[in-house]
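K.L.:
Here is how the chains run, residue by residue.
2 protein chains.
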Amino acid sequence: MSNVSRLKLPHPGGTTDIWIGEGALKEARSAFGEWLADRRVFIVSTREIKSLHGGELTELTEKASEAIEFDVPDGETSKVLGTAAGLWQDMLRLGGKRDSRLVTLGGGSVCDLGGFVAGCFLRGIEYAHVPTTLLAQVDASIGGKTGVNLPEGKNSVGLFHHPKFVVADADLLETLPPEEIRQALFEVVKAAILGDSSLFELLEQEVDDLLAGNIRRLSEAARRAAKVKIDIVAEDLRENDRRRLLNLGHTLGHALETASGHGSLRHGDAVGHGILFALDLALERGLAPQSADRIRELVKRLQPSAIAGLDPKSVLAAMSRDKKARESGLVWVLPTGIGKARIVSDVPFEDVESHLAPFLSAPVE
Amino acid sequence: MSNVSRLKLPHPGGTTDIWIGEGALKEARSAFGEWLADRRVFIVSTREIKSLHGGELTELTEKASEAIEFDVPDGETSKVLGTAAGLWQDMLRLGGKRDSRLVTLGGGSVCDLGGFVAGCFLRGIEYAHVPTTLLAQVDASIGGKTGVNLPEGKNSVGLFHHPKFVVADADLLETLPPEEIRQALFEVVKAAILGDSSLFELLEQEVDDLLAGNIRRLSEAARRAAKVKIDIVAEDLRENDRRRLLNLGHTLGHALETASGHGSLRHGDAVGHGILFALDLALERGLAPQSADRIRELVKRLQPSAIAGLDPKSVLAAMSRDKKARESGLVWVLPTGIGKARIVSDVPFEDVESHLAPFLSAPVE
Chain W
1 MSNVSRLKLP
11 HPGGTTDIWI
21 GEGALKEARS
31 AFGEWLADRR
41 VFIVSTREIK
51 SLHGGELTEL
61 TEKASEAIEF
71 DVPDGETSKV
81 LGTAAGLWQD
91 MLRLGGKRDS
101 RLVTLGGGSV
111 CDLGGFVAGC
121 FLRGIEYAHV
131 PTTLLAQVDA
141 SIGGKTGVNL
151 PEGKNSVGLF
161 HHPKFVVADA
171 DLLETLPPEE
181 IRQALFEVVK
191 AAILGDSSLF
201 ELLEQEVDDL
211 LAGNIRRLSE
221 AARRAAKVKI
231 DIVAEDLREN
241 DRRRLLNLGH
251 TLGHALETAS
261 GHGSLRHGDA
271 VGHGILFALD
281 LALERGLAPQ
291 SADRIRELVK
301 RLQPSAIAGL
311 DPKSVLAAMS
321 RDKKARESGL
331 VWVLPTGIGK
341 ARIVSDVPFE
351 DVESHLAPFL
361 SAPVE
Chain C
1001 MSNVSRLKLP
1011 HPGGTTDIWI
1021 GEGALKEARS
1031 AFGEWLADRR
1041 VFIVSTREIK
1051 SLHGGELTEL
1061 TEKASEAIEF
1071 DVPDGETSKV
1081 LGTAAGLWQD
1091 MLRLGGKRDS
1101 RLVTLGGGSV
1111 CDLGGFVAGC
1121 FLRGIEYAHV
1131 PTTLLAQVDA
1141 SIGGKTGVNL
1151 PEGKNSVGLF
1161 HHPKFVVADA
1171 DLLETLPPEE
1181 IRQALFEVVK
1191 AAILGDSSLF
1201 ELLEQEVDDL
1211 LAGNIRRLSE
1221 AARRAAKVKI
1231 DIVAEDLREN
1241 DRRRLLNLGH
1251 TLGHALETAS
1261 GHGSLRHGDA
1271 VGHGILFALD
1281 LALERGLAPQ
1291 SADRIRELVK
1301 RLQPSAIAGL
1311 DPKSVLAAMS
1321 RDKKARESGL
1331 VWVLPTGIGK
1341 ARIVSDVPFE
1351 DVESHLAPFL
1361 SAPVE
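Respectively, the protein sequence lines represent chains W and C. Letter by letter, the first sequence follows residues 1 to 365 of our numbering. Letter by letter, the second sequence follows residues 1001 to 1365 of our numbering.
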């Protein structure tokens, strides 16, 4: 049996074809060949990732008439308008047309930047993601969100532009540092809470194997987490409604990241704390204590880093500036059990305030 | 009977509601009020346009919780990434959210820039166009194309992002210089050739009244030209197929603009020459000589400015660099009669070459 899941995400412009699991690159090769035949392809990646996975990329894009590689800096620093502008100018100079293609090879930042560059080049060209991190495989590469950061806010400039293909090969994760796997597992746990109780059980059983980087088990967890995300996104492509479920742990999480200063708290850890805080609000709104205990236990096994010393006032201020806030107020995602959650927009601000101070001062044991 | 046409353009994200004609602003006011109620609205315009039409705008946006006005420079100079970046930063600082609104008030450049800014702000907010020029009323405001220029190419960065509303009030055209009306009429003639033989007859009868700025007759012509564009766009929202009909006169036109140097040949005039050149190619592919004569005659009554002295080689080079070119080659739109045209992708380059030298040296009488 193949260890690759073939998933499809229908969207207004067509369908994203997704291969995810061990050996995905090999299975996707013929579709890629057809898509790239006799066309220019622009590849957005980083020097480091290409030194690890450049060979796989060459095989995947061998049918293109020309493959033009762009190296961008690693991480969030490259997710800015200036980088995008430079790429657009180079693509024009190098003969890029509306039917040229773009492929990203990298983590979430490369996905977001590359998708944005493809989405705005000549009003949108087709592109594909080849995510090389667990986080990008289960999250950033799926759903068509693209964007760059402004000094005033992360991902504040971007658009929805769905990739034609996503090829998420678990074998690429072998070179991933264990800390990157740990960070990504918070999003996998989030997916399980939102929509897959059997994935949740699997995580309960295998979290240590996963943290240790067992590729076979990571592949299985990633396939299921991706499926949860795809199912939610497919019902709400522009994040007006159900898709906001994916913000479980993010309402507080983003604010913790902002309030703790750029880069000192990592996204996965912040989401972990955000999920724990959501449990406090959810318990008062009908979540069974046993379910809350199981969720808390699993999150803690991922060992979210300490957030002691954050000022509740600055966290609250960051929350109300969040770009996901609407003029009509903040939205919370609260678990209602294992494998289900709901969107709640009537949590009084005072409720949040009164829970936040004790939450921030209680250390995670 | 109302002099306002209510038209609808369905698109993947919903429907654009269009009011076009004399008194459109008044008829749109209640829908605008509902759309803006209790929300922040960002208005993108120019100082000059607001000095002419600021009062109408204030009435239209009076229900918003806050109306924040941004002045951008007039014309193409503001259609650059730097202007967009400044607007995004200001919008974030001023509390812009995903359910904030944006309204453009101005000509084609303001439409293109404002639509782009709305399309990429927090991955897309709703917006409306209030076009103040004839060209913007029949062309730029309809169809969801947005974008800014790079030094390497016009409109090379942008996206498809459809406005929620277009309010094209013919009364705003009273302040328009006659030269702007003449330029825009080339696009109106183009629309008639593509899809409305009775509009073509109306233009044959009324072209002098229209050139003289008769608002009642301009309103009628604009309503019909807009209808042609809407019908074509509705069938092909992402310019993969039928929408390319709208490029009638533009394949050569853009190249003439480029080859004659920035700004020395205006877009309408260039399109006029482009239509005349398309007739040469169309006559060899079955267009009846009488139809070609009528089209030629009407275009000449708009008096396209001289293009003598352009080098055929530089025009050909500009054509092959055109962003609408695909890797698979150039596409031509050729009239097949009055009110119909087809897309032709197999015109041999040598054919174009052999017609171009005599075309460029023959003065338009």
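Worth flagging that the hints you see were computed from the coordinates, not collected in a lab. Take these hints with a grain of salt, some might be off.
Per label pair, the in silico range of CB-to-CB distance [as the list claims (entries may be wrong)]:
| no. | chain 1 | residue 1 | chain 2 | residue 2 | range |
| --- | --- | --- | --- | --- | --- |
| 1 | W | GLY14 | C | THR1015 | 33 to 39 Å |
| 2 | W | GLU235 | C | THR1015 | 19 to 25 Å |
| 3 | W | GLY14 | C | SER1051 | 41 to 47 Å |
| 4 | C | SER1051 | W | ASP311 | 43 to 49 Å |
| 5 | C | ARG1006 | W | GLY23 | 16 to 22 Å |
| 6 | W | GLY14 | C | SER1320 | 25 to 31 Å |
| 7 | C | THR1015 | W | ASP90 | 33 to 39 Å |
| 8 | C | GLY1075 | W | GLY82 | 52 to 58 Å |
So the derived list for chain C, only partly shown, Cβ under 10 Å to chain W, looks like this [said to hold, decoys possible]:
| no. | residue |
| --- | --- |
| 9 | GLY1054 |
| 10 | THR1058 |
| 11 | GLY1147 |
Because the structure is a prediction, the values reported are computed rather than measured. The C-beta atom is built at its ideal place from N, Cα and C for all residues, glycine as well.
K.L.:
Assuming the hint says 33 to 39 Å, is it satisfied by the Cβ distance from C:THR1015 to W:ASP90 or not?
P.N.:
38 Å, holds
K.L.:
Does the Cβ pair W:GLY14, C:SER1320 satisfy 25 to 31 Å?
P.N.:
Because 29 Å falls inside the window, the suggested range holds.
K.L.:
In this structure, is the beta-carbon distance linking W:GLU235 and C:THR1015 contained in 19 to 25 Å?
P.N.:
Holds - the Cβ-Cβ distance for W:GLU235 and C:THR1015, about 21 Å, lies within 19 to 25 Å.
K.L.:
Are C:ARG1006 and W:GLY23 spaced within 16 to 22 Å by their CB atoms?
P.N.:
Because 56 Å falls outside the window, the suggested range is violated.
K.L.:
Using the Cβ atoms, figure out if W:GLY14 sits within 41 to 47 Å of C:SER1051.
P.N.:
Roughly 46 Å apart at Cβ, these two residues keep to the hinted range, so it holds.
K.L.:
Does C:GLY1147 pass the interface check with chain W, least Cβ-Cβ distance below 10 Å?
P.N.:
6 Å, holds
K.L.:
Checking hints one by one. Is C:THR1058 an interface residue toward chain W, by the C-beta closer than 10 Å rule?
P.N.:
21 Å, violated
K.L.:
Against the range 33 to 39 Å, how does the distance between the Cβ atoms of W:GLY14 and C:THR1015 compare: consistent or not?
P.N.:
21 Å, violated
K.L.:
Going by Cβ atoms only, is C:GLY1054 closer than 10 Å to chain W?
P.N.:
Hint on C:GLY1054: violated, closest Cβ of chain W at ~25 Å, above 10 Å.
K.L.:
Between the beta carbons of C:GLY1075 and W:GLY82, is the distance compatible with 52 to 58 Å?
P.N.:
Between C:GLY1075 and W:GLY82, where Cβ atoms are some 25 Å apart, the hint is violated.
K.L.:
Hint says 43 to 49 Å; check whether the CB-CB distance for C:SER1051 and W:ASP311 agrees.
P.N.:
48 Å, holds
When held up to the earlier numbered hints, the structure conflicts with 1, 5, 8, 9 and 10 and fits the remainder.
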